[in-house]
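Take a look at the letters that make up each chain.
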Amino acid sequence: MSLIELNKVKKSYQQGKIEVPALRGIDLTVEQGEFTIIFGPSGCGKTTLLNMLGCLDTPTEGEICLNGRKISDLSKKDLAMTRRYNIGFIFQNYNLIPVLTAYENVEFALRLIEDSSEKQIKEKVLKMLEEVGLKGLETRRPNELSGGEQQRVAIARALIKEPKIVLADEPTANLDSKTGIEVIKIMVKMNQELGTTSIFSTHDPQIMKYAKRLINLKDGMISTDERRGRGV
Amino acid sequence: MFSIKLGFKNLTRRKRRNIITALVIAFAFFAYLFLYSVMNGMEEMSFENIKNLETGDIQITYPEYWEKREELSLENLIYLDQDVDESLENIDGLSGISPELRFSANLNNGIDELPVMGLGIDPEHYKEVFTTQKYLVAGSMFSLDEYKAVIGEKLAQLMDLKIDDYITLLVRTKDDTFNTIDVEIAGLLHTPHPMVNTGTVFVPLDIAQQALNVGNSVSLIAVKVKPGYEENITETLNQNFRRKDLNLRAYSWRESAETVIALATAKKGGISAILSIVLLIGIVGIVNNVILSALERTEEIGMMKALGMREMEIVLVFVVEATGIGVIGGLAGCLLGAAGVGWLVKYGFDLTYFYGDMSMSQFGIPILNKLYGVWNFSTFGFLFILGVTVALLSSIAPALWAARKDPVKAIYHR
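Residue numbers (numbering that gives the first Met the number 0), protein chains in the order written: chain X, 0 to 231; chain H, 0 to 413.
Please keep in mind that the hints were generated in silico from the structure rather than gathered at the bench.
Any given hint could turn out to be false.
Rough simulated footprint, nothing fancy, chain X against chain H, three-plus residues with beta-carbon under 8 Å [to be verified]: (1) 198-210; (2) 297-311.
Only some residues are given here: those of chain X computed to face chain H with a beta carbon under 10 Å [what the hints assert, rightly or not]: (3) Ile-17; (4) Pro-20; (5) Gly-53; (6) Asp-56; (7) Ala-79; (8) Arg-82.
Pairs of lysine to aspartate or glutamate residues, derived as EDC-like cross-links and limited to a Cα-Cα distance of at most 20 Å, are as follows [said to hold, decoys possible]: (9) H:Lys-404 / X:Asp-77; (10) H:Lys-147 / H:Asp-181; (11) X:Lys-76 / X:Glu-113; (12) H:Lys-8 / X:Asp-77.
Since this is a predicted model, take the numbers as computed values, not measurements.
Backbone N, C-alpha and C define an ideal beta-carbon position, used for all residues, glycine too.
If we strip away everything but chain H, and leave its shape as in the complex, we get (with noise of 0.2 Å):
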């Protein structure tokens, strides 16, 4: 077909305006994809930090507790038996479980006060669910019945703390009383998540039941999985307390995300919002190149229609030239979207470029200093796609408006 050839070698003309249209619409497609890069990598870490260092996969827990559980009330524990014990028992895919006792505390270096959370831990089952341990940069972990803490280095330089000094948590009892925990710092850490790092106090989970005086009793217990897990485990647990009739219940750790659950879907209509201007940008590009393209070439149109060529045939002609401009851009746009998708995986931006010392935490967004992107490359493909859709169909109705032109009219439009 002539028409198409035609339109092809159309793209020769106008170079600079054909570029600057390409490159426009290649910039949104840059955009579009260093974005979701951006958002689907801070969804991602958030996840990740949630679920190794906050939640575990599952927590498990009475309804009552998980209710008021930002409370951090030492009503509702869950008693450590021995049906407890067997509820948690030859679970296919479970591969590690938690007991934790949560609970507000002041925290004291004998000149200041500060108020955070307590966190009672067994240090060799803690490690099974989450990779806080990983994180430490001074010192080491400690051992259960050792009077020691592990805190962020964050809160030991806002505290001005380090290695063996000894702190005080100022506590309130099971019976609401007063008491202390006298406790010498053993570890420091510096995890990718904020809260972690500035607001908690690991403390040995045995210490913290003797101070707290809750015996055998923790808030809740987090379970790590085998991946793809989850579902049936939370099911097998709740069955298994059902059976036992504890009151028991598994919570997913989506449960405990909620804002960054809520972040998430807030994402996807923000995405969906980027895509729609990217691609209001591509259409007014293009129109406005068909549009200028009819108006320069309407002794050359008046003359294909003296020829004889049919609209559809003149039509085509405008639609490959701009479906050819959709196709560069795209393929620009896809490049430079991997070049910047390549460098936020490889080495992420450094959020305090932005924030400063604050932190994503404060927008509820559990990620500390570096955001790394994620690949994915199917939204290449589903953006190329649509992007080139989109040109070849907003073409169209310029393309009709050209065709459409009265022969005489636009031969002799001089």
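Chain X on its own, in the form it takes in the complex (with noise of 0.2 Å):
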């Protein structure tokens, strides 16, 4: 059993009287461990796919299953619970929020979690930020961490709780390319040392090259999937 599959994914919008279709009918299946990356023009639904893989939104037609389970079969309440124990998310905007330290943007995701003591999350949350460079800036706000640390704090938290699967939308393109090849660089480090499948969308051929698969999006269909072993 494939950790995610996809079968015949259609997913529209309505934009007054017109249906606009977002997806035309994807088929895909992803394995454990799977470092994939998804590119395409804007608009050809890159993002709509990450949505539906991360329990966001269901499709129009279609269905998709998580580990066997059908997520059109799910409450809201189940969803909720689905991403908060098995999808972390890194998005564009880091999505930080404001008034917590990088510390405590990451303790917030694990506290959804775990209910350890006090002397275990701080363990745990100080190694994560270890892990991704951030060690010594665990007070800052993210009103006083560059762009690049802020996303790292943001990979931090969508990884903190250990998910499954990792999904980033774009999440370099507000990186300049050495700091998003950077990012990029402990995104695989994590999923080879995690073993955390991850899924990215990307515009950014610089980072296409780390991809184990490649997923050619265009006009809401699959135009290529390419497999490369392990990657860069």
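Two chains, each in its own frame: build the complex with the hints.
Rendered as structure tokens:
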């Protein structure tokens, strides 16, 4: 059984009286531990596909199975719980909480799933922040961090709960190319160390070389699906 | 719970807006506490002035006289005989009785004439029931059998009179003939009761009885009782009168103070209206704050949902923040209220600022010059708890609205 299975998934949005198709029938399976990059021009449906995979949205037609469970059968509460325990998100705009420090932003995600002791949580959060290269910056608030540092906090927040899947929607779009590559390298490292399934969307050709699997999306359909062994 | 921690942390965001909302709540609390204190002070002072300067705690008279007491008639007077005396003897809690003869008179200073209420009193008994004599600002109280009078300072100014001047009271006797009472002014009063100051002439009871040709009769008997005895003594007196086959009745001071009691009843309605406005201000402030916060944090709400936070956990974040603003505003309001009420209790405010030489008696409130507030600590507690509860409850609906946002639209709302 694959970790993710998409079967003839279609999604369309209503814009006034016009129905705009975003996905036109996607068949896709993703295995545990894959490092997949979805690329394609703007409006090709990358974000829509990631939202479906992340249980934030449901298909208009077709079905999505996560770990063998059809997500269309899940209630809103179950979808929230699925996201809480199984999925980590990384956003283009980082979406950190400005009143919380780097430490607290990561702690926040962990507190949602764990009721461990204060000491254990602290150890775990500090270790994760160290892994993403933020040692010494724990007490800084987002406005005291650079874009790259903020995105590292977002990565730490996504990975701290050891999710089955990490979804990142153009995570390097707001970063310069050097910082973008650093961030991707961290994610590759975490993918290798933790075995987390990672699915990214991007425009950036520099980043695509790190993928084990490259999916090209065009007009809401998969035009190519290339597996590259271990990636770069 | 991290939601609670986040809610508290969010209080430090948009500090200016949160402070303004809290200040609006604080001002509304302050206004309510201040007005509540003013209204209670007005009520308490009015009641005290009525009891201490006008009616005593209980008034005894014939029901027929009571019905037409405003007319100051000389009909249906009480003849002070042994039965009446015995009815008033040995009553536990009774601390003073004062017979009074009330009559209409025209005060004449030789040039001008003014209608007044003449009040025949026995000064020795009168001071057992009333505090009027404490407010003598010039001269002294007369004794029985002296052809002297005491009038209000204000009335004296109006009639251009001073101590030792002679005045004439033109009266109509019981037999409907005219008579005069010529008396020398022995003392001037300045009491907190405007009607005593401007419309009453005190004369010795025996002089008044003689001039009005009423024998040993009086209009009513004012009674002073120890605190808490009023109801029992009223009942005992009425039983005594029935036993003696007297048609007299004892009336509580409340029955004389209908206007003020009516104002006190209206006050309760007024206070409820003010409280509703205060709460409405709080609700509008809080709802506005939560909606603005939710609109500003749409992406953040989307992120929270993406992280797997349940709707109720997101609601809790906003509710804690709103309740925090309610608590801060409530505490600030109570502190401001305490300062305002403290000032009002200690220094009072001068009604002449608002009404000039006019007195509150024109509005049926027997208070002169200064109005003092009263403390009511339970109101502070009640208002604080009510305010915080309302802040909490009023934030739930907008918080739910925020938490129910579609996560995809929220994340990408830009």
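To see whether the hints hold, each was checked on the structure:
1. 198-210: With 0 residues in contact (Cβ-Cβ under 8 Å with chain X), the coverage given for the segment 198-210 of chain H is violated.
2. 297-311: Since three or more residues must qualify, the claim that chain X covers the segment 297-311 of chain H holds, with 11 doing so at under 8 Å.
3. Ile-17: 18 Å, violated
4. Pro-20: Violated, about 16 Å.
5. Gly-53: Status holds, d = 7 Å.
6. Asp-56: 5 Å, holds
7. Ala-79: 5 Å, holds
8. Arg-82: 4 Å, holds
9. H:Lys-404 / X:Asp-77: OK: Lys-404 (chain H) and Asp-77 (chain X) at ~17 Å, within 20 Å.
10. H:Lys-147 / H:Asp-181: 8 Å, holds
11. X:Lys-76 / X:Glu-113: 18 Å, holds
12. H:Lys-8 / X:Asp-77: 28 Å, violated
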